[in-house]
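Colleague: Required output: the full structure, derived from the provided sequences and hints.
Take a look at the letters that make up each chain.
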Amino acid sequence: MNFFNILDSLEKFDGDAVGRIEHASRRFFLNRVSRKMATMAAPAVLATVVNKAYAQSDAAINVLNYALTLEYLEDEFYQLGNAATGLIPDMYKRVFTQIGKHETQHVAFLKTALGAKAVAKPTFDFTAGGTLAPFTNFDTFVFLSHAFEDTGVRAYKGQAGNLQAAQDKPYLQAALQIHSIEARHASISRRILGKIRNNAAIKGWITLDEGSPEAVYKGSTSESTVVQAGINLVGLDGLEGIPSDAVFKAATEAFDEILTMDEVLAIATPFIKK
Amino acid sequence: MEKNLLTNAGPVLEKVNRRYFLRSAGVAAATGAFIMSCTLEDHEVDSQVVDLGTGDVGILNYAYALEQLEAAFYTQVIATPYSGMTAEEKTILTDIMYHEIIHRQFFKAALGGAAIKGLTPNFAGINFSDRASVLGAAKIFEDTGVSAYNGAGNLITDVNYLLVAGKIVSVEARHASAIRDLLNPNSADFAGDDIIDANGLDLASKPGVILPAVQPFVVNKISGSGLPQ
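Those protein sequences? They're chains A and B, same order as listed.
Read in the UniProt record's numbering, the first sequence has 111 at position 111, and its numbers run on one by one without any break.
Read in the UniProt record's numbering, the second sequence has 2 at position 2, and its numbers run on one by one without any break.
These are calculated hints, taken from the structure and not from any lab test.
Among the clues, some could well be false.
Claimed, not checked - Only pairs whose alpha carbons sit at most 25 Å apart, straight line, appear in this in silico PhoX-like list of lysine-lysine:
#, chain 1, residue 1, chain 2, residue 2
1, A, K101, A, K117
2, A, K203, A, K93
3, A, K273, A, K121
4, B, K108, B, K221
5, B, K90, A, K195
6, A, K249, B, K221
7, B, K90, A, K203
8, A, K101, A, K203
9, A, K195, A, K93
10, B, K90, A, K249
11, B, K90, B, K221
12, A, K117, A, K273
Modeller: Right under this line is the structure:
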C-alpha cells in the first residue's frame, strides 16, 4: 500500500490531515531521523494520528474550540506585548516571554487536537474599542494579563464536567494540565500587578472577589464562595491554626471558582472584532 | 499523553527522592542516633499500613493524605521560621498554610467516617532553619500536589468531586508559581521548562507515581493498592 495514496484519500476526507501528520511526525521523531526513515515508519505514525489525535465527540470539540478561542486571544495579546518596544521593563521580560510561549504552545496543541474542526482565529482589538492602551502602558498590560489568566483558569475549570461527560479522557487530563498552567501564570501576573501598584491586597491567589473587571471575579459562582460540595468551609472543625478573623478570607482563597461559557464569552467579547 | 506525563514527572520525583535520601543519610552519619530511630520507625511502619480505599473515596483519601502532609509542613515552617524570612515570604507562607489547613479539614469533613487517620509526617530531611531547604521542599510539595490532582482527574467518577479537585488544583498551582518565583525571582521558573512540556502542559501523574515519591515524608506506610488506575 502506498503511503502517499493514503494521504491523498485522507486529505479528501479531512483537509488538515497532512498538516497534522507532519506535526505528529515531528513530535514523534524529534527531527532527528531522515525523511526516508520517517516514510518507512509512517504507517505507525498514521495509525497513531488517526486513532488518537482527534477529539472524539461533538461535546469535546465544542469545549476545545472554546478553549482555542481563549488561547488565540491570550497568544496574540502576549505576542503584541512582548514585541512592543519599551513596554515591559527588563526585569519582567523573562516572565512574560515564558507566559507567551505557553499560550503559543496551547494554540498549537488545541489546533492539532481539533484538526479540520478547529475554529479560525478571530480578529482581536485589545484597546476594547479605543478605551485601553495595553501596549504602551505597562500597568494596563499587566492588568489585562491577570484578568485574562484568571478568566482562563475559571473557564477551563468550568468545562471539566463537560469533558468528563464527553468521556474524552485524554482531553480531560490535557485540559487540566493547561488549566494549572493558566493558574501559575495568573499567580505571577497578579503578584507583579500587586508590586507595580504597591497594593498588598493583590496576591497570587484571589481573596474574596477582589479584582477587576468585576465580571472576571464575580459571575454566577463568585470567587468569594465558601461552601464547597455542600460543606461550609468557615464552619469546619480543626481550623485552630488560623486566626478567626482570617478564616473567611483564607477560605475564599483556598478554592478557585468556575465561570460558565456565556460568562467567559461576555468577558472576551469587547476584545473580539469579528 | 501518558508517556509524556511520566517522562515529565519521573525525573523530578526521582531526583527528589534521591536528594532526600542522601540528606537523611548525611544526618545519620552526623548524629549516629539516626540509625536506631530509623529502625524503630521501620518497625512501626510495617505494623500500621494506612489503606486509602477504593473508588472516589480512595481518591479523596489520597488527596486528604497529600493535604495532611502539606498542612503539617507549612505549620512547621511558620512555627519555626528560617533565618532571614522576609515579610513577603512570611505572608506567602502563612497564606499557604491557611489554605492547606482548610483543604485538609475539607477532605476530612467530606470523607466523614471513611477518612483515613491523621498521618505522622517525617520531615527529617528538611532543615527548617534553612531558607533553601524549606523553599526547596515547598516547591516539591506544590509541584507534586499539582501533578497528583491533574493525574487524578480521570480517576474520579462523581462530577462534583472532579469540580472540587479542579477548584483546589489551581490554588496549588498558584502556590507552586509563587514559591518558584521566591526561589528565582522574575525568571521563567514560575512555570519552568523543567516541568512544563513542549505542548505547554503542566505535570500530571497517577497515584502509583505520586505515592512512592511522598512515602519518605510519612512515617505511616500508605497503601494505594485499591485506587482506580
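Colleague: Each hint needs a verdict: does it hold in this structure or not?
Modeller: Evaluation of the provided hints:
Proximity of A:K101 to A:K117 is assessed by CA-CA distance (about 24 Å); at most 25 Å being required, the pair is judged to hold. The hinted pair formed by A:K203 and A:K93 meets the criterion: a straight-line CA distance of about 20 Å does not exceed 25 Å. For the hint pairing A:K273 with A:K121, the CA-to-CA distance comes to about 11 Å; that is within 25 Å, so the pair holds. Between B:K108 and B:K221 the alpha-carbon distance is near 19 Å, which keeps this suggested pair within the 25 Å criterion.
The suggested pairing of B:K90 with A:K195 holds, with an alpha-carbon distance near 16 Å, which does not exceed 25 Å. The hinted pair formed by A:K249 and B:K221 fails the criterion: a straight-line CA distance of about 35 Å is larger than 25 Å. Straight-line distance between C-alpha atoms of B:K90 and A:K203 comes to about 13 Å, which keeps the hinted pair within the 25 Å bound. For the proposed pair A:K101 and A:K203, the alpha carbon gap of about 24 Å is at most 25 Å, so the pair holds.
At most 25 Å may separate the alpha-carbon atoms for a hinted pair to count; A:K195 and A:K93 meet this at roughly 15 Å. Only pairs whose Cα atoms come within 25 Å are accepted, and B:K90 paired with A:K249 is accepted, the gap being roughly 17 Å. Restraint check for B:K90 and B:K221: the C-alpha separation of about 32 Å exceeds 25 Å, so the hint is violated. The suggested pairing of A:K117 with A:K273 holds, with an alpha-carbon distance near 22 Å, which does not exceed 25 Å.
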